[in-house]
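Chains as they are written, first to last, in this note's numbering: chain A, 1 to 110; chain B, 1 to 114.
Do not rely on the hints blindly, as some may be mistaken.
[As the list claims (entries may be wrong)] Negatives, chain A to chain B, calculated, CB over 10 Å:
1. V18
2. T23
3. F33
4. G69
[Unchecked claim] In silico lysine-lysine, DSBU-like type, Cα no more than 35 Å apart, as pairs:
5. A:K107 <-> A:K76
6. A:K81 <-> A:K107
7. B:K83 <-> A:K107
8. B:K57 <-> A:K68
9. B:K70 <-> B:K14
10. B:K9 <-> B:K57
11. B:K9 <-> A:K81
12. A:K81 <-> A:K57
13. A:K57 <-> A:K68
14. A:K76 <-> A:K57
15. A:K68 <-> A:K81
16. A:K57 <-> B:K71
17. A:K107 <-> B:K71
18. B:K14 <-> B:K71
19. B:K83 <-> B:K57
20. A:K76 <-> B:K71
21. B:K83 <-> A:K57
22. A:K107 <-> A:K68
23. B:K9 <-> B:K71
By construction, these hints were calculated from the structure, which means they are not laboratory data. Idealized CB from N, CA, C, for every residue including glycine.
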Amino acid sequence: GQNIDQPTEMTATEGAIVQINCTYQTSGFNGLFWYQQHAGEAPTFLSYNVLDGLEEKGRFSSFLSRSKGYSYLLLKELQMKDSASYLCAVSLGGGNKLTFGTGTQLKVEL
Amino acid sequence: DGGITQSPKYLFRKEGQNVTLSCEQNLNHDAMYWYRQDPGQGLRLIYYSQIVNDFQKGDIAEGYSVSREKKESFPLTVTSAQKNPTAFYLCASSIDLAGGYEQYFGPGTRLTVT
Chain A
1 GQNIDQPTEM TATEGAIVQI NCTYQTSGFN GLFWYQQHAG EAPTFLSYNV LDGLEEKGRF
61 SSFLSRSKGY SYLLLKELQM KDSASYLCAV SLGGGNKLTF GTGTQLKVEL
Chain B
1 DGGITQSPKY LFRKEGQNVT LSCEQNLNHD AMYWYRQDPG QGLRLIYYSQ IVNDFQKGDI
61 AEGYSVSREK KESFPLTVTS AQKNPTAFYL CASSIDLAGG YEQYFGPGTR LTVT
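Using the sequences and the accompanying hints, generate a full structural model.
Written as structure tokens, this is what we have:
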């Protein structure tokens, strides 16, 4: 199957840390991407994981466990501009066709 | 500046009309993709192309057609056979079709059919 599950909405406070989870049940897994999408705009690339472990990039980190079919995106020192939808996408087979989750709408409050 | 352009940003059509959405990239990428995005749903792949004059159906190709006559261009035609064409359409490109390359997205075209 190609189910990709992530929470629909999350709310967090400015300056805090938030973790957005993504689980997937898919055959031919080839890697996992996280994208950020502000309303009405194009998705922008955040991170890519193909091996187990944590990838850190500034305030954003992404973790992958292939055996558990699980990933998370960790956002630190939240800012108001981080309010956006976060899309988890899985690369299948030997190619770069992506299957996207429905996205997690994150709202950052004062 | 390199990037992907889509035009127009908003498009309105009457039911029964075909409409073509443009997508141009100057990133020298081989692979290009078309997605549609509906509220509450993830991006769904319509068509993709690995190289000029070659393209493949994605998960929801019915009612759509594409062409890839130039490396830089990958226009999408929404035909009258598409039952529910109103959506946000996103074009993307990547270096090639091999796994692991990020896809760069254009700004999108919001199509409304009434």
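Practice task
Mind listing which of the numbered hints don't hold for this structure, in increasing order?
Solution key: The structure conflicts with hints 3, 17, 20 and 21, although it agrees with all the remaining ones.
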